[in-house]
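Enquirer: First to last, the protein sequences are chains Z and U.
Numbering (this note's numbering) for the first sequence: 1 to 438.
Numbering (this note's numbering) for the second sequence: 1001 to 1210.
Just so you know, these hints were derived from the structure itself, not from any lab.
Among the clues, some could well be false.
[Stated by the list, open to error] The calculated DSS-like cross-link candidates involving lysine-lysine, where the alpha carbons are at most 30 Å apart (straight line), are:
| id | chain 1 | residue 1 | chain 2 | residue 2 |
| --- | --- | --- | --- | --- |
| 1 | U | K1111 | U | K1129 |
| 2 | Z | K249 | Z | K9 |
| 3 | U | K1073 | Z | K5 |
| 4 | U | K1073 | Z | K433 |
| 5 | U | K1073 | U | K1036 |
| 6 | U | K1073 | Z | K9 |
| 7 | U | K1198 | U | K1009 |
| 8 | Z | K334 | U | K1129 |
| 9 | Z | K5 | U | K1036 |
| 10 | U | K1110 | Z | K5 |
| 11 | U | K1129 | U | K1009 |
| 12 | U | K1080 | Z | K9 |
| 13 | U | K1111 | U | K1208 |
| 14 | U | K1024 | U | K1129 |
| 15 | Z | K44 | Z | K9 |
| 16 | Z | K44 | U | K1208 |
| 17 | Z | K433 | U | K1208 |
| 18 | U | K1065 | U | K1178 |
| 19 | Z | K152 | Z | K82 |
| 20 | Z | K249 | U | K1183 |
| 21 | U | K1088 | U | K1110 |
| 22 | Z | K433 | U | K1109 |
| 23 | Z | K5 | U | K1009 |
| 24 | U | K1080 | Z | K5 |
| 25 | U | K1080 | U | K1183 |
| 26 | Z | K5 | U | K1198 |
| 27 | U | K1065 | Z | K337 |
| 28 | Z | K433 | U | K1080 |
| 29 | U | K1110 | U | K1183 |
| 30 | U | K1208 | U | K1016 |
| 31 | Z | K9 | Z | K45 |
These numbers come from a predicted model, not from an experiment.
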Amino acid sequence: MNLFKIGWKYLTFRPLSTGLNVFLLALGLAIITVLLLIQDQFEKKMNQDAAGIDLVVGAKGSPLQLILSSVYHIDFPTGNIKMEEAQRLSKNRLVKKVIPLALGDNFQGYRIVGTNHDYLELYGVSFTSGNPWAVPFEVVIGSEVAAKSGLKLGDEFTSSHGISVGSHDHDLHNFVVSGILSPRGNVVDRLILTSIESVWYTHDEGESAPEETSIDSLASKEPTIDHQADTTALGETDHEAKFHLPVAKTGFPISDQEREVTTVLLQFRNPMAAIQLPRMINSGTSMQAASPSFEMSRLFELLGVGISLLQGLAIVLILVAGLGIFIALYNSLKERKYDLAILRAIGASRMQLLTLIFLEGLMLTFVGAVLGIGLGHSFLWLLVGVSEQNIVSSIQPWIFLKQELWIVAYALGVGVVASIIPAWSAYQTSIAKQLTKA
Amino acid sequence: MLLEANSLKYAHSGQKVMTFPDVKLDAGEALLILGKSGSGKTTLLNILAGLLAPIQGEVILDGVKLTSLQGQKLDMFRGKNIGIVFQKPHLVAALPVRQNLELVHFFSKKKGQDIDQLLTELGIHHKAKSSVLTLSEGEAQRVSIARALANSPKLILADEPTSSLDDENTENVIQLLKVQAAKIGAALVIVTHDHRVKNQVSNYIEVKSA
C-alpha cells in the first residue's frame, strides 16, 4: 500500500468521470501531437527536398505550382519550356549548375522524371542494387516505388501518360529497371528516375511513329561510339540504334530537333545571382523563375491560419479537460472528506493528503498525455495509410520528438493547476469536525 | 497509568466552555463515557484521540503528553498508538476490505497485527477481497473495529459503536472490543448512551453539560 496505489484506486473507482476527463485531455494533446509531428517533418522534408536548389525555372504560371511540381512532385507542371532557351540560360555567368527535368508520365501513380545523373548527385542517393541508367528506357526507382509496386532489377513496365493513374498507356516501348535506390526519406523515394531521352522517345512514338528518319545524329558527338556516325542513313536500324546509345549523364541531352524540357533546377554561382537572375528570367524570357524557399514560406503562411485554428481548438480542449479534472477532484473531495478524515485519524499527515490529491491529478493527466500522444501518432498513421502518394504519405508516424516530452510536461502542469484548490482543501480538512458531522 | 486526562476544558466556537471529568485508565482496563446527547462526550473522545486540542488541561498516554504534540508528530503518534472506532464505519469505498486495513499499516508506518488473522478472529475473512459497499452494517462495523486494532494500539477509542446495531450484535461488538483490547493489552474507552453497553462494562464516568 502506498500513496500511488491509493490514488490510483480512487481514480479507477470512478471509471466514467476519470475516463471522460482523460479522454478530453488526450484529444487536445493528440491534436497538438499531430500538428507538432506534421509541422516538424513537413518543414524538415520541405527543406531537405529543396536543399541545393536555388531557383526553379519553368513555363509561366503559378510560381508555387512550379515549385510543388518540380521540387516536391505533388502538383501538375505548369507546362514545358524550349530546351534551347534553357540551354542559353545555363550559359549565364551567374549560373553554377543546371539540372533539366522532363516530367509528364507515371507508372501506377509514381512520377517518371527524366533528368541526368546530376539529379542523383543532388540528393546524394545510394543504390540498394543496380546502377544508374546508361541508355534510354533504363530507369532507377526509389525505395518506396520498389516496395509498393514490387518492381525488381531487370523488370519491365509501361508508363502511362500524365502524372496520375488512369491515363492512356505508352505501350510501344517498355522501361527496364536498372537500379533501385536505398531509402533516403526524401522525395526521391517516390520517384522513377530516367534519362530525358527516355521521356522524349516515349512521346515521339506515341505521337508520330515515322519520325525515325529525322532522328539525330548525336552519335557522332559521342566519342565512344563513332561507328554510329554512318548509321543515319540506315533508316530502320537507326530507330533501334538510338535506343542503345548512351544518354547524357550531365547537362542537357544532345538533339538536333527542337526539343522541350519541363523545368530546370538551378544553382547560383554567387549571392548576386539571387537578385539578378529571377528578374532577368521573368522579364527577359518566356520562362518564369521561382525560389523554393520563398514559395514554401508563402505556402506555410497560407497554411498558418488553419494551423493556428487547430492549435486554438486543442488549447480549448485542454482547458476544458483541465476544468473537468478540477471539478472531478473537487466534487469527489466533497464525498471524500470523511475518507480524508479517517486517513488522518489513522496516522496520515496533512502533507500526505496534499500529496495524494496532487498525485491523483498528476496520474490522471499523465495517463491523458500518454494516451494523447499515442492517439496523435495513431491518427497520423491512419492519415498516412489512406493517402497513397502525396507528400503526406512520406511522413513517418512513429517518429517521436523531444517536444512530445513538453506535451507531457504541459499536461502535468494542467494536472497540478487543477489539483491546487482540491489539494489545499484536503490539507485544511478538520478531522474532528468531519467525523462528528455524522 | 496508561491513560491520564486532567482538568480538560474545551469550547466550540461561540459556545460555553465545557469542563470534563478526569480520566485515569490502566492497560487492559475498559471505561465507559456516558452522557446525554450533546453533552460533549464525543468531544472528550476527540480530545483523547488528539483530534481536537483542549483549551486547558492535558492528556498523557503511555508517558507521552499528547496535548503538547502537534502537526505531523501528533498524526504519527495517533497512528501508532491509538485505534478509533467511529460511530459509523466510514470505510474507504474505493478500496476492498483488506486494503482498508493495509492503509493503517501504511500510514502508521507500523507492522501491527496480522491482517488475515485479525479478519479471521472477527469472522469476516471471507470478505477480505470484497468491496466495502457489499458489506452489511454489522460486517462494516466489524471491519472498522479491525481497522482500529490493526496497528496494535495502546488505546482503543470507540464512539457510539453500537448505536445502529441490534441487541445481539451490540453484545457481540462490545464483547469483541473487550476481548481484543485485553489480548493486545490496550486500554478501551467507549463513548455511549446505550444502556445495553452498561451491562457489560462496569467502570464509567459521566459527562454533564455545564
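Enquirer: Evaluate each hint against the coordinates.
Expert: We went through each hint and held it up to the structure:
1. U:K1111 / U:K1129: Within the cut-off at roughly 20 Å; holds.
2. Z:K249 / Z:K9: Measuring from Cα to Cα gives roughly 70 Å; hence the hint is violated.
3. U:K1073 / Z:K5: 24 Å, holds
4. U:K1073 / Z:K433: At roughly 20 Å apart (the allowed maximum being 30 Å), K433 (chain Z) and K1073 (chain U) satisfy the hint.
5. U:K1073 / U:K1036: 33 Å, violated
6. U:K1073 / Z:K9: Holds, because 27 Å separates the two Cα atoms, which is no more than 30 Å.
7. U:K1198 / U:K1009: Holds, because 26 Å separates the two Cα atoms, which is no more than 30 Å.
8. Z:K334 / U:K1129: 26 Å, holds
9. Z:K5 / U:K1036: Violated, because 42 Å separates the two Cα atoms, which is more than 30 Å.
10. U:K1110 / Z:K5: Between K1110 (chain U) and K5 (chain Z) the Cα gap is close to 18 Å, so the pair holds against 30 Å.
11. U:K1129 / U:K1009: The hint is violated at about 43 Å.
12. U:K1080 / Z:K9: Measuring from Cα to Cα gives roughly 24 Å; hence the hint holds.
13. U:K1111 / U:K1208: 39 Å, violated
14. U:K1024 / U:K1129: Roughly 40 Å between the alpha carbons, so the hint for K1024 (chain U) and K1129 (chain U) is violated.
15. Z:K44 / Z:K9: 44 Å, violated
16. Z:K44 / U:K1208: 82 Å, violated
17. Z:K433 / U:K1208: 21 Å, holds
18. U:K1065 / U:K1178: 25 Å, holds
19. Z:K152 / Z:K82: Judged against 30 Å, a Cα distance of about 35 Å means the pair is violated.
20. Z:K249 / U:K1183: Since the Cα atoms of K249 (chain Z) and K1183 (chain U) sit roughly 99 Å apart, the hinted pair is violated (cutoff 30 Å).
21. U:K1088 / U:K1110: Holds. K1088 (chain U) to K1110 (chain U) sits at ~25 Å (cutoff 30 Å).
22. Z:K433 / U:K1109: 25 Å, holds
23. Z:K5 / U:K1009: With a Cα-Cα distance of about 41 Å, the restraint between K5 (chain Z) and K1009 (chain U) is violated, given a limit of 30 Å.
24. U:K1080 / Z:K5: 21 Å, holds
25. U:K1080 / U:K1183: 17 Å, holds
26. Z:K5 / U:K1198: Roughly 42 Å separates the two Cα atoms, so the pair is violated.
27. U:K1065 / Z:K337: Cα-Cα ~28 Å, so holds.
28. Z:K433 / U:K1080: Status holds; Cα separation ~22 Å.
29. U:K1110 / U:K1183: 18 Å, holds
30. U:K1208 / U:K1016: The given pair, whose Cα atoms are some 13 Å apart, holds under the 30 Å limit.
31. Z:K9 / Z:K45: The given pair, whose Cα atoms are some 46 Å apart, is violated under the 30 Å limit.
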